[in-house]
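Here the protein sequences come in this chain order: C and H. In this text, residue positions in the first sequence follow the working numbering: the first is 198, and each later residue adds one. In this text, residue positions in the second sequence follow the working numbering: the first is 198, and each later residue adds one.
It is worth saying that the hints were derived from the structure and are not from the lab. Certain hints may be false.
If chains are identical, the list can't say which one is meant, so a pair holds when it fits in one copy or spans any two.
[Unchecked claim] Heads up, simulated DSS-like pairs for lysine-lysine below, C-alpha to C-alpha not over 30 Å straight-line:
#1 K199 <-> K317
#2 K284 <-> K220
#3 K317 <-> K220
#4 K317 <-> K224
#5 K220 <-> K199
#6 K199 <-> K224
#7 K224 <-> K284
#8 K199 <-> K284
#9 K317 <-> K284
There are 2 protein chains.
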Amino acid sequence: MKYLHTMVRVTDVDASLDFYCNKLGLKELRRYDSEQGRFTLIFLAAPGDEEAQIELTHNWDPEEYGEGRNFGHLAYRVDDIYALCQKLMDGGVTINRPPRDGHMAFVRSPDNISIELLQKGDALPPQEPWASMENSGHW
Amino acid sequence: MKYLHTMVRVTDVDASLDFYCNKLGLKELRRYDSEQGRFTLIFLAAPGDEEAQIELTHNWDPEEYGEGRNFGHLAYRVDDIYALCQKLMDGGVTINRPPRDGHMAFVRSPDNISIELLQKGDALPPQEPWASMENSGHW
Numbered sequence: 198m199k200y201l202h203t204m205v206r207v208t209d210v211d212a213s214l215d216f217y218c219n220k221l222g223l224k225e226l227r228r229y230d231s232e233q234g235r236f237t238l239i240f241l242a243a244p245g246d247e248e249a250q251i252e253l254t255h256n257w258d259p260e261e262y263g264e265g266r267n268f269g270h271l272a273y274r275v276d277d278i279y280a281l282c283q284k285l286m287d288g289g290v291t292i293n294r295p296p297r298d299g300h301m302a303f304v305r306s307p308d309n310i311s312i313e314l315l316q317k318g319d320a321l322p323p324q325e326p327w328a329s330m331e332n333s334g335h336w
Numbered sequence: 198m199k200y201l202h203t204m205v206r207v208t209d210v211d212a213s214l215d216f217y218c219n220k221l222g223l224k225e226l227r228r229y230d231s232e233q234g235r236f237t238l239i240f241l242a243a244p245g246d247e248e249a250q251i252e253l254t255h256n257w258d259p260e261e262y263g264e265g266r267n268f269g270h271l272a273y274r275v276d277d278i279y280a281l282c283q284k285l286m287d288g289g290v291t292i293n294r295p296p297r298d299g300h301m302a303f304v305r306s307p308d309n310i311s312i313e314l315l316q317k318g319d320a321l322p323p324q325e326p327w328a329s330m331e332n333s334g335h336w
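For reference, chain C alone in the conformation it holds in the complex (with noise of 0.2 Å):
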């Protein structure tokens, strides 16, 4: 297990990469435009600590970021996604976005903070109850 990062929404690239990088000393890793998500994801990190990054989020479309959506989330990478899905529903735990895909999932924790779990390697081939499970409130 491996934490990957956590996620902030943005409502203004250039103001926020301004802020993280030119002015607080982070440095821009990689970027992924979603033309059909209309959103944009830019991954950032220290200088010479790349393995704990910052996930910034812009959504192309405005949004209102009072009532703490401007957090998003904490990002593990998991080396058995169904295993640890199934210990988490096992101990009364939500999964709110099923691991269908053998790839990706979320839950919450007590206090409502939204953790993403993220397969090593491969995607996991598709497995019951996982790929016909649906989605459960927010993430």
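For chain C, the structure is supplied; the task is to place chain H on it using the hints.
For chain H alone, coordinates are given in the frame of chain C:
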């Protein structure tokens, strides 16, 4: 500059450790109880990945964690906290918690994400304009 932790607030330590450790698989690295401040800090990390931490903050007096107060801050260790705060201030960023002690400062991103800066090694000797600069807003 080095990533240190993401801080999230928790209402119930036992329920939170059950979730983060027993179920999710993190481990507790260290704990700090402040009788005077009436809070407990618990640092967690994925086994074998102890450098990237989550800091759980438990305030002993109950608080409501709606509106995003469950998310705390991102923290970075920095080489020269005075130089960085000067650079931030010159760039128009409010230093919400100035480094009066040569050790710790807080600023906010354009989307109000709280960011903690911690001086590497020993605290720097007190120095103006920081030593006499008052707090501004919340962080």
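- Item | Up to 30 Å CA-CA - K220 versus K284, copy category | between (42 Å within a copy, 6 Å between copies)
- Message: My question is about K317 and K224: at a cut-off of 30 Å on alpha-carbon distance, are they close within one copy, between copies, both, or neither?
- Response: So K317 and K224 pass the 30 Å test inside a copy (25 Å) and across (19 Å) alike.
- Message: At most 30 Å between alpha carbons: which applies to K317 and K284, within, between, both or neither?
- Response: For K317 and K284, the Cα distance is within 30 Å only inside one copy (17 Å; across copies 39 Å).
- Identical-chain pair category, K199 with K284, by Cα at 30 Å: For K199 and K284, only the intra-copy Cα distance (18 Å) is at most 30 Å; the inter-copy one is 33 Å.
- Item | Copy assignment of K317 with K220, given that the CA separation must stay at most 30 Å | Classified as between: cross-chain Cα gap 18 Å, same-chain 33 Å, threshold 30 Å.
- Message: With identical chains, the pair K220 and K199 could be close in the same copy or across copies; at 30 Å between alpha carbons, which is it: within, between, both, or neither?
- Response: both (28 Å within a copy, 15 Å between copies)
- Query: Taking 30 Å as the upper bound on the Cα-Cα distance, should K199 and K224 be classified as within, between, both, or neither?
  - Reply: Answer is both; intra-copy 21 Å and inter-copy 12 Å each pass.
- Message: At most 30 Å between CA atoms: does that hold for K199 and K317 within a copy, between copies, both, or neither?
- Response: Classified as both: same-chain Cα gap 9 Å, cross-chain 24 Å, threshold 30 Å.
- Query: How would you classify K224 and K284 at a CA-CA limit of 30 Å: within, between, both, or neither?
  - Reply: Between copies only: 16 Å across chains, 37 Å inside a chain, cut-off 30 Å.
The structure meets every hint from the earlier list without exception.
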